[in-house]
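**Q** Next come the chains, spelled out residue by residue.
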Amino acid sequence: MGEDAGDRGSSADGLAPVGLPMAETSPKAEAAKLLPFLALGERADLQAAAAQHVLALSGSGPGRTLLAGQAALLQALVELAVAPPPAPARDAARALVNLAADPGLHKPLLAAEPRLPVRLLGCALDPHWPWAEEAAAVLANLSREPVPCAALTEALAATEPGESGLERLVRALCTPGYNARAPLHYLGPVLSNLSQRPATRAFLLDRNRCVVQRLLTLTQYPDSSVRRGGVVGTLRNCCFEHRHHEWLLGPEVDILPFLLLPLAGPEDFSEEEMERLPIDLQYLPPDKQREPDADIRKMLIETIMLLTATAPGRKQVRDQGAYLILRELHSWEPEPDVRVTCEKLIQVLIGDEPERGLENLLEVQVPEEIERQLQQQDHQEREQCEREQQELELGPGPQAEKAAST
Amino acid sequence: MEQQDPGTTFDDGMDSFVEKFQSQPYRGGFHESQWEEVGGPGVSARACVGVVPTPGASRALRRSTAKEFEKIPLFMKNSPSEIDPLENPDLACLQSIIFDEERSPEDQARTYKDEGNDYFKEKDYKKAVISYTEGLKKKCTDPDLNAILYTNRAAAQYYLGNFRSSLNDVMAARKLRPCHLKAIIRGASCHLELKNYVEAVNWCDEGLQIDATEKKLLDLRAKADKLKRTEQRDIRKAKLKEKKKQDQNEALLQAIKARNIRLVAEAAGEDEDSASEGLSELVLYGLSSENPCGARLSVDDQGRLSWPVLFLYPEYAQSDLVSAFHEDSRFIDHLMVMFGETPSWDLEQKYCPDNLEVYFEDEDREELYCVPPSSTLLQVLQHPRYFVKALTPTFLVCVGSSGFCRNYLRGKKVHQVK
Numbered sequence: 001m002g003e004d005a006g007d008r009g010s011s012a013d014g015l016a017p018v019g020l021p022m023a024e025t026s027p028k029a030e031a032a033k034l035l036p037f038l039a040l041g042e043r044a045d046l047q048a049a050a051a052q053h054v055l056a057l058s059g060s061g062p063g064r065t066l067l068a069g070q071a072a073l074l075q076a077l078v079e080l081a082v083a084p085p086p087a088p089a090r091d092a093a094r095a096l097v098n099l100a101a102d103p104g105l106h107k108p109l110l111a112a113e114p115r116l117p118v119r120l121l122g123c124a125l126d127p128h129w130p131w132a133e134e135a136a137a138v139l140a141n142l143s144r145e146p147v148p149c150a151a152l153t154e155a156l157a158a159t160e161p162g163e164s165g166l167e168r169l170v171r172a173l174c175t176p177g178y179n180a181r182a183p184l185h186y187l188g189p190v191l192s193n194l195s196q197r198p199a200t201r202a203f204l205l206d207r208n209r210c211v212v213q214r215l216l217t218l219t220q221y222p223d224s225s226v227r228r229g230g231v232v233g234t235l236r237n238c239c240f241e242h243r244h245h246e247w248l249l250g251p252e253v254d255i256l257p258f259l260l261l262p263l264a265g266p267e268d269f270s271e272e273e274m275e276r277l278p279i280d281l282q283y284l285p286p287d288k289q290r291e292p293d294a295d296i297r298k299m300l301i302e303t304i305m306l307l308t309a310t311a312p313g314r315k316q317v318r319d320q321g322a323y324l325i326l327r328e329l330h331s332w333e334p335e336p337d338v339r340v341t342c343e344k345l346i347q348v349l350i351g352d353e354p355e356r357g358l359e360n361l362l363e364v365q366v367p368e369e370i371e372r373q374l375q376q377q378d379h380q381e382r383e384q385c386e387r388e389q390q391e392l393e394l395g396p397g398p399q400a401e402k403a404a405s406t
Numbered sequence: 001m002e003q004q005d006p007g008t009t010f011d012d013g014m015d016s017f018v019e020k021f022q023s024q025p026y027r028g029g030f031h032e033s034q035w036e037e038v039g040g041p042g043v044s045a046r047a048c049v050g051v052v053p054t055p056g057a058s059r060a061l062r063r064s065t066a067k068e069f070e071k072i073p074l075f076m077k078n079s080p081s082e083i084d085p086l087e088n089p090d091l092a093c094l095q096s097i098i099f100d101e102e103r104s105p106e107d108q109a110r111t112y113k114d115e116g117n118d119y120f121k122e123k124d125y126k127k128a129v130i131s132y133t134e135g136l137k138k139k140c141t142d143p144d145l146n147a148i149l150y151t152n153r154a155a156a157q158y159y160l161g162n163f164r165s166s167l168n169d170v171m172a173a174r175k176l177r178p179c180h181l182k183a184i185i186r187g188a189s190c191h192l193e194l195k196n197y198v199e200a201v202n203w204c205d206e207g208l209q210i211d212a213t214e215k216k217l218l219d220l221r222a223k224a225d226k227l228k229r230t231e232q233r234d235i236r237k238a239k240l241k242e243k244k245k246q247d248q249n250e251a252l253l254q255a256i257k258a259r260n261i262r263l264v265a266e267a268a269g270e271d272e273d274s275a276s277e278g279l280s281e282l283v284l285y286g287l288s289s290e291n292p293c294g295a296r297l298s299v300d301d302q303g304r305l306s307w308p309v310l311f312l313y314p315e316y317a318q319s320d321l322v323s324a325f326h327e328d329s330r331f332i333d334h335l336m337v338m339f340g341e342t343p344s345w346d347l348e349q350k351y352c353p354d355n356l357e358v359y360f361e362d363e364d365r366e367e368l369y370c371v372p373p374s375s376t377l378l379q380v381l382q383h384p385r386y387f388v389k390a391l392t393p394t395f396l397v398c399v400g401s402s403g404f405c406r407n408y409l410r411g412k413k414v415h416q417v418k
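Just so you know, the sequences run in chain order B and Y. Note that full-length UniProt numbering has the first sequence beginning at 1, numbered continuously upward. Note that full-length UniProt numbering has the second sequence beginning at 1, numbered continuously upward.
Please note that the accuracy of each hint is not assured.
[As the list claims (entries may be wrong)] Below are the BS3-like pairs computed for lysine-lysine, each with C-alpha atoms no more than 30 Å apart in a straight line:
#  : chain 1 : residue 1 : chain 2 : residue 2
1  : Y       : K237      : Y       : K121
2  : Y       : K175      : Y       : K195
3  : B       : K288      : Y       : K239
4  : Y       : K413      : Y       : K350
5  : Y       : K350      : Y       : K244
6  : Y       : K350      : B       : K288
7  : Y       : K413      : B       : K315
8  : Y       : K228      : B       : K315
9  : Y       : K413      : B       : K288
10 : Y       : K243      : B       : K288
11 : Y       : K216      : Y       : K226
12 : Y       : K223      : B       : K315
13 : Y       : K121      : Y       : K228
14 : Y       : K239      : Y       : K195
15 : Y       : K228      : Y       : K243
16 : Y       : K241      : B       : K288
17 : Y       : K226      : B       : K288
18 : Y       : K237      : B       : K288
19 : Y       : K228      : Y       : K244
20 : Y       : K195      : Y       : K241
21 : Y       : K216      : Y       : K241
22 : B       : K288      : Y       : K228
23 : Y       : K139      : Y       : K121
24 : B       : K315      : Y       : K389
25 : B       : K288      : Y       : K389
26 : B       : K288      : Y       : K195
27 : Y       : K389      : Y       : K413
28 : B       : K315      : Y       : K215
In case anyone wonders, no lab produced these hints; they're calculated from the structure.
Isolated chain B, as found in the complex (with noise of 0.2 Å):
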C-alpha cells in the first residue's frame, strides 16, 4: 500500500497494515499504537479488532518481524492468548502461530515471555480450554528448534503429583473425546519434535509401562493427517533405539503391522499368502486405501527401515511378511522418491545377509571414501527423483490411481 515517508527502522518494506486509519505515521508506530488496546481488562470489542490487525500482521514476513521488534506487544498478545473469555484469545493464538511458525522468531518470542511454553502446554492439555489446538500449534511451530524444545520438555518434566506432562499429553493424544471443543490433532507434532529427545524417548519406550502401544493405533487415524505425520514421526524416532528394536517388533509392542497397514492396498493375496502375514493384514476389504500423504508413507518406510538395522530385527521383519506387502506398494506407488525408498527396503529384504561386523547397520563405521560415493549416488539419485516429479507435474494429465474402484 503507500510506502511511508517517515522512519523506516527496521521494517524494510515498510508495509502499512492493512485497514488501520493512520496510514501516515510509521508501521512500528502503528504497531505500538495497538498495545494498549491489547492490555487485559480493556473493552473486549477493541481488545477483538486489535487482535485482528495483530494477526493480519503476523500473516506476512514484514508484518512478523515487525511485531518481533516490540517485547511490550509479544506479552500482551501472549496474555491475551492464555485469558478467558470474552478475550480474543483465539485470534491472539493463531497470530503466535504463524510467529512461532518462523524459527528466527523464537528467540524474541522466548525474551519477551520465557514461560511461553509452560503457559502453552498448561491451555493445551486443559481438557477445557476451547482454543487448545491452536496452543497445541504454537507448541508445534515452537518445539521444531532444539531451545524452546528443552524448555518444552522442562515444562513436561515438572511433576504434578500423579501424572507426569509427558503421560498427560500421551493421554490427551490417544483419548477421544480428551478436549470436548478440540481435537488436539497438532499434539502429534509436538509429541514428535519432544522424541527427538532421548529422555522422551525413554519414556516412550518404558517396557514397565504402555505407552508406545497406545500410539500404534493411531497410524490409522482417518481425520488428520497432521496427526497421524506426527505419530509416526513418533515412531520413526523411537526406531532409531536399536536397544529396544527386538521388543518393539515382539508380541508385547508388535509394531510392525501398524508400520505396515496404511502401507497396504486391497491386495488379493492367495490363501497361503495370506496366511504369512500378519493378523492385522488379513483378509484386508476390497475398499481398503493406502495412506493418502506421500511424506508419511515415506516415513513409514523409513521406520521399518530403522527396524531392519540389525540382523534379529531383520529376520523379524522378514519372517512377518514385510515383503508382499512392499512388493504390492512398490508397483502402485506413484511418487518417484518415496518408490525409490520402498526399493532400498525391499533389497533390505531380499537381499543377503551381510558379513560380519556389519550386523547394526546403525554403528557401522563407513570409510570416508565410500561415504563419499554414497553421499554423490544420493545426490544423483535425488537429482533423478527431481526430473521425474517434474516430468509428473508438466506431464498430459494427472497420474491415474491404479487402484480400483467400483
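Guided by the hints, dock chain Y onto chain B, whose structure is given.
**A** Just chain Y, lined up with the frame of chain B:
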C-alpha cells in the same frame, strides 16, 4: 462407687456355683465308658484311666481319644460345616457370640468378610459368595468395607465362571470406590472372558491411569488387544468368504439363465407357471440346500457348468449319481465308464453301453423323451420340455431291447429327441 457389704457381693449364685466343685465331681471329662475307640486292637481302656501314661501307651491314648478330642471346640482341627446345637452346644454357643445380632453392622459385615475369605482360601467359592452376600446384607455404612465385599464376591464369582455376576459386582464396587484397582483388574478379566475386548482394553487403560506400571493390567491389555485384532481378522475372513460364495452363486445363476434352462421347485405337484417365477430363488435355494450326496452344481474357469446327474434304473430299482457331469460331455462317455463292467444288480448281464437307452420324463404331461446317447448334457437340458428338479437332472436308463423296457414304455407317449 459405693461400698458393698462383702457378704452380699455381686452374685450370690456364683458362690453356690463354686461351692459345688467341692462336693460334686466334674462330669464333663473323659470317661472310659463314654469313649469311642479309634485306635488299634489290644488297647486296654482300663490302663489309660487316671494313670500317667507310658510312652507307648500315650500313643495309644492319643489314637483312641482323637474322636473325643474332636468334639471339644478348642481341639477341633476342622470346623464342621453344620453346627447342631444339640450335638455340640459349645460350638453353637461360640458361633452365636461371633454372629451376635447385637454387634454393629460393620463388625458383623467384617466377620462375614473374614468368613468369606476363609472359604475363598479353601477354594469353596460357593460358600464364599454366600458369606460375602450376608456381609453386604448388613448394609453397613463403611464404603471401603462394602467395596471390598463386592470385589471379593466378584472374585469368587469369577472362579465359579459367573462372569456376568462378577462384572456386576465390580461395577458396584467401583460405584463406591472408583479407583479400587483390584476391582478394575477383575472387571477387565471379566470382559476378557466375555469376549468384550474393547471394554477390556478400556478398563485396563483406566486402571493404568491409577497405576501405570501394574503388571497384571499391562498383561491383560496386551492379551485383550491381540484377541480383539484376531477377532477382527476372523470377521474379515468370514465376510470375504461369504462374498466369494455369493459371487459364485451369482455366476451360476447367470450361467443357468444364459442357457435358458428351465428349473422346477422340489415339491411335487408344482405347476408349470410357478416354475418361471423366482428363478434366482430356486437356484439360490438349490445351491444352499445340501444335496443328499453332497454333489453340487459348479462352474469351471472357462465358464462351463458341471451338474450332479442322477441315473435311475427302473428295472432293478437302482440308481447312480454322477457328481460332476460336464455339460459338454456326452451321455455315452459316461455310460461307457459307468457300465465298463456290468453292475452287480444286472442279473441278466445285459446293461452294456451299446444296449442302453436313456429317457427323461416330462412329469407334467406324463410323456417320455428318448435321448440319443451321443447328445451332450447341455443339449438335453435345453430341451423345451426338460425341467431340472432340485438342480439335479435325472434320467431313466434301461436296455432298449429288453422285455422290461417294452413293458415300461407301453401305453406311454414317447418322443425322440433329435
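**Q** Determine for every hint whether it applies to the structure shown.
**A** Status of the hints after comparison with the structure:
1. K237/Y - K121/Y: violated (44 Å)
2. K175/Y - K195/Y: holds (23 Å)
3. K288/B - K239/Y: Since the Cα atoms of K288/B and K239/Y sit roughly 14 Å apart, the hinted pair holds (cutoff 30 Å).
4. K413/Y - K350/Y: Holds, at roughly 25 Å.
5. K350/Y - K244/Y: violated (47 Å)
6. K350/Y - K288/B: violated (63 Å)
7. K413/Y - K315/B: violated (77 Å)
8. K228/Y - K315/B: holds (26 Å)
9. K413/Y - K288/B: Answer violated: K413/Y to K288/B is near 62 Å, above 30 Å.
10. K243/Y - K288/B: Answer holds: K243/Y to K288/B is near 16 Å, not above 30 Å.
11. K216/Y - K226/Y: Status holds; Cα separation ~15 Å.
12. K223/Y - K315/B: holds (24 Å)
13. K121/Y - K228/Y: violated (33 Å)
14. K239/Y - K195/Y: Cα-Cα ~20 Å, so holds.
15. K228/Y - K243/Y: At roughly 23 Å apart (the allowed maximum being 30 Å), K243/Y and K228/Y satisfy the hint.
16. K241/Y - K288/B: holds (17 Å)
17. K226/Y - K288/B: holds (21 Å)
18. K237/Y - K288/B: holds (14 Å)
19. K228/Y - K244/Y: The given pair, whose Cα atoms are some 24 Å apart, holds under the 30 Å limit.
20. K195/Y - K241/Y: holds (23 Å)
21. K216/Y - K241/Y: The hint is violated at about 37 Å.
22. K288/B - K228/Y: holds (19 Å)
23. K139/Y - K121/Y: Given pair K139/Y, K121/Y holds - Cα atoms ~25 Å apart, limit 30 Å.
24. K315/B - K389/Y: Violated, at about 58 Å.
25. K288/B - K389/Y: Given that 30 Å is the threshold and the Cα spacing comes to 42 Å, the pair is violated.
26. K288/B - K195/Y: Within the cut-off at roughly 26 Å; holds.
27. K389/Y - K413/Y: It holds: about 21 Å lies between the C-alpha atoms, which stays within 30 Å.
28. K315/B - K215/Y: holds (29 Å)
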